[in-house]
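Join these two chains into a complex; the hints should help.
Taken in sequence, the protein lines are chains S and W.
In this text, residue positions in the first sequence follow the numbering used here: the first is 1, and each later residue adds one.
In this text, residue positions in the second sequence follow the numbering used here: the first is 1, and each later residue adds one.
Because the hints were derived from the structure by calculation, they are not lab data.
Some clues are possibly wrong.
As the list claims (entries may be wrong) - Label pairs and their computed distance ranges (CB to CB): (1) S/120 <-> W/61: 25 to 35 Å; (2) W/61 <-> S/123: 37 to 47 Å; (3) W/228 <-> S/121: 11 to 21 Å; (4) W/207 <-> S/102: 43 to 53 Å; (5) W/58 <-> S/116: 30 to 40 Å; (6) W/241 <-> S/102: 45 to 55 Å; (7) W/241 <-> S/66: 44 to 54 Å; (8) S/119 <-> W/333: 23 to 33 Å; (9) W/303 <-> S/123: 32 to 42 Å; (10) S/54 <-> W/57: 31 to 41 Å; (11) S/115 <-> W/162: 13 to 23 Å; (12) S/15 <-> W/93: 36 to 46 Å.
Stated by the list, open to error - Just a few of them, taken from the derived set where beta-carbon distance is under 8 Å, the chain S residues facing chain W: (13) 4; (14) 29; (15) 34; (16) 39; (17) 83; (18) 114.
For every residue, glycine included, the Cβ atom is placed at its ideal position computed from N, Cα and C.
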Amino acid sequence: MAGRQIFNPDGFKNIEEDGKITGFSFQFKCQYYRSVTLSIVRNLAVNVDGEDFPKEDITLTINGETFTQDQMTTVIDSDYRWEFGEYGTVNVKKEGGLAKGPHHIKAVQLIVPSYMPFPWEVTCEADFEIK
Amino acid sequence: MSYDIKRSISLYSYQDEYYDGKLDLEGCLRETAKTGATGVELLAEQMIKRFPVAIEEEGFLDNWFAMLKKYNLTPSCYDAFLENRIYANRTLTLKEQISMMNRDLRLASLLGFPVLRTLVSTPMDVIEGSLEYAEKVNVKIGLEVHAPFSLNSSWADGYLSMIDRTGSKYFGFIPDMGIFCKNIPDVLRDKARRQGAKEECLKIVDDAYAQRREKGFVKIKYDLDLGKANMEYRMSNGMKEMMEAVEKAGGGPADKMYANTSFTYSWSDPQDLIDNIQYIFHTHAKFYNVHEDYVETAVAIPEVVEAYKKAGYNGFLSSEYEGGEHLRDIGVDSIEQCRRHQEALRRAIEG
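Isolated chain W (complex conformation) (with noise of 0.2 Å):
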């Protein structure tokens, strides 16, 4: 099957040197280029001051196409939040969000990004709404299927009636890479054991993980009370009796973090990918730490690349940086892990 697999990177990865201010927009720009990334993902909301009204302002998205062209990069996906409950008295109306949806995607269109990446939490009404506006901005809706969450689930199997009913080519998919983790990423492992973690706490924790992952992960349900569906996804997981083990070792907060924290890890089969292909408009290559032989201990990047060669994948896969935030006590480099997972992808893209 011929294949077309792009390397892009999510600026949402840069966002620790963004926040100490040794990055702007720019900045993420020139270093996203610098790694030989085509593609560039945003996160208005992070980025761009004065959302959402700094966009349509003069003189912006001149200012932005001036960048793109020079540091020759391509838009990729917009990552929208439907912040539908913005107001603590009240969710807005179905009419409320589908407005607030059919404003980012014009915004996704000005700003000239072809997917819109939308999360798991979006009533599936309002998707439906707004695909007649994605189609008139030619803009496709991604719903982003980020751990717990997996394809061939019956979770996913309702949004594929959806598209089924509606016959729309404008929903579709967006596997986040943490949804492949071999393993419970080693900077977590590192982090805990900084905060005075038992060894055999997190083996026990490890050992859980791996049995899950041999076992195969119990999905989650369609259920838009998320806090409900993860516990009720975390218990048929065997949280609970893993909980109880490190308590019984004498598990401290350091060792409970790691254990907590380990839910937000998953498994699934690449496979996935390939029986799903039709429906995937973009990828969320997530990372959390790239060694400097180009090895990602937790993801698995070759059996994915693997299986999108197989599938004949034409889109991005896009670099999510999300080690940082488990390196925040003693120092982020997100512009090196980077370099090194936009080589790592290269690699397997072109091995």
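Excised from the complex, chain S in its bound form (with noise of 0.2 Å):
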């Protein structure tokens, strides 16, 4: 039996707006064990192959709608929970995208249940491959 799988190994993309590259963009499930609504998502941080992204340059995709990490803490319709076991995307700025070939990704989840002594964050960690 694999290990537990995070990322969508089919998410890893450049973004293309208007026939340019402004950023990448990856797939992975809330590790949370039930759904959160985005509110108490309180950071989503990503570091690819040693460098990170400021946070207001990371936005998340649930449901066909996009939020920078400050809309965010509004966020509780049932519509946009991130429903456990299912993907989000997130979209990260970065000019000109990544590079075509292999890197390596770090992207932090920090979740506050209401109930939690403490927050609740998890580092989740992949190799994947920009075609």
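Listed below in structure tokens is the structure:
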């Protein structure tokens, strides 16, 4: 049996807008054991090949709507929960995107369920390839 | 004393298969029925998409009850999460929290659950403020007694006075069998080993656990600042000394993970169940690893079931598998674990 799959292996892509590559995106599953409102996802941090990205350059797309991390703090609607077992798409601004070839990602989910004495943080890592 | 101990499965147990898309809600119900369990416990926020609105949309409840009928299952307990800090900048007001609790009571009732599980973080005045509505929808509020909390403690006494004061029959306890751990689960120890833990350090932690068990755990106090209460609890149970010993033995991250996690298990005397039986509505039969011979190496299943027989318990033991989180690097089989656990429960109940 293999270990748990966190990232969508087919989800790593550069983002193209108006003929220009403006960033990259990837998909991963919420690592908490139930669905959460985006309002309690208090940080998504991304590091690729050692490079960190500013929080304001990282957004999350759930069910077709994209929210900045600041906007996420007020999202409690049933339609935009990060459902347990479903991928959320993380979009990261980076001019020119990622170079073709292999990369390594470290992405942190910081979730704060009301009842937990300490914030719940998990670092997700994977090797991937931009084709 | 006559007793009627029934078996249930909390669908929490199947979370890894659900996460992987191998089981959906119906698949979990089907697997539950296959084990011989007659009850089902649900975390709506885990396996019902678009919580909470989906539950009240047309067709949802028809489908839910049709599935229960198909698999011959009875709803045992609804697990609620009072998300009273849903916004980053404030805690919900008391009235907002009561109204959230009442929403969950209503949903539990619509889904046919007789008991709602609430967490230890739920303020007492929120519970008290919801009792009238609980009675109206006929759903009992059960406070989960999860390690490091325990029955027969000053923490529990506060709730007992509330029951006395209100005279309500709609509030009581849901013991989690993680409070009856004879030792630290083997799946955690094996994970620590895979991560490079030293045998010497594991032994220090195991010995410290055995000592806490022998001497009796110093109990945690009631405090809504759970972080503070938890840290005090750990310190008064010898965490500092144990961590120093691990450090001195050259313990690395895996050893420290094992040492820290050891405080999420505890030992209470099963007599506590007998003493509090009139307030116990439901039981989380927490387990971590059941071997092929149907022995759970950490949780005292036979002792707990024996206490419940003596006390005349009429309720569910609801399997709650929590070993999977320690196996995610090598693979989890919750279906087989639940099958074995149900068999272990059956033998203890019928034996």
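Checked hints:
In this structure, residue 120 of chain S and residue 61 of chain W meet the distance hint of 25 to 35 Å, their C-beta atoms being roughly 32 Å apart. A hinted range of 37 to 47 Å holds for the C-beta pair residue 61 of chain W and residue 123 of chain S, which are about 40 Å apart. Between residue 228 of chain W and residue 121 of chain S the Cβ separation comes to about 19 Å, which falls inside the hinted range of 11 to 21 Å. The supplied range of 43 to 53 Å is met by residue 207 of chain W and residue 102 of chain S, whose beta-carbon atoms lie about 46 Å from each other.
In this structure the hint that residue 58 of chain W and residue 116 of chain S lie 30 to 40 Å apart at CB holds, the actual value being about 35 Å. Checking the proposed 45 to 55 Å range against residue 241 of chain W and residue 102 of chain S shows it holds: the Cβ atoms sit about 47 Å from each other. Remark: the range hint 44 to 54 Å for residue 241 of chain W to residue 66 of chain S is upheld by a beta-carbon distance near 51 Å. Against the hinted window of 23 to 33 Å, the Cβ-Cβ separation of residue 119 of chain S and residue 333 of chain W comes to about 31 Å, which satisfies the hint.
Evaluation of the 32 to 42 Å hint for residue 303 of chain W and residue 123 of chain S yields a pass: the beta carbon distance comes to about 39 Å. Here the CB-CB span from residue 54 of chain S to residue 57 of chain W is close to 40 Å, well matched to the stated 31 to 41 Å. Checked against the hint of 13 to 23 Å, the pair residue 115 of chain S and residue 162 of chain W passes, with Cβ atoms roughly 19 Å apart. Look at residue 15 of chain S against residue 93 of chain W: about 41 Å separates their beta carbons, and that is inside 36 to 46 Å.
The criterion of a C-beta within 8 Å of any C-beta in chain W is met by residue 4 of chain S, whose closest approach is roughly 4 Å, and the hint holds. For residue 29 of chain S, the shortest C-beta to C-beta distance to chain W is roughly 7 Å, which falls under 8 Å, so the interface hint holds. Hint on residue 34 of chain S holds. Least Cβ distance to chain W is approximately 4 Å, under the 8 Å limit. For the restraint placing residue 39 of chain S at the interface with chain W, the shortest Cβ-Cβ distance is roughly 5 Å, inside the 8 Å limit, so the hint holds.
The beta carbon of residue 83 of chain S comes within 5 Å of a beta carbon in chain W, closer than 8 Å, and the hint placing it at the interface holds. Interface restraint check: residue 114 of chain S against chain W, minimum CB-CB distance 4 Å, threshold 8 Å, status holds.
When each numbered hint is compared with the structure, no violation occurs for any of them.
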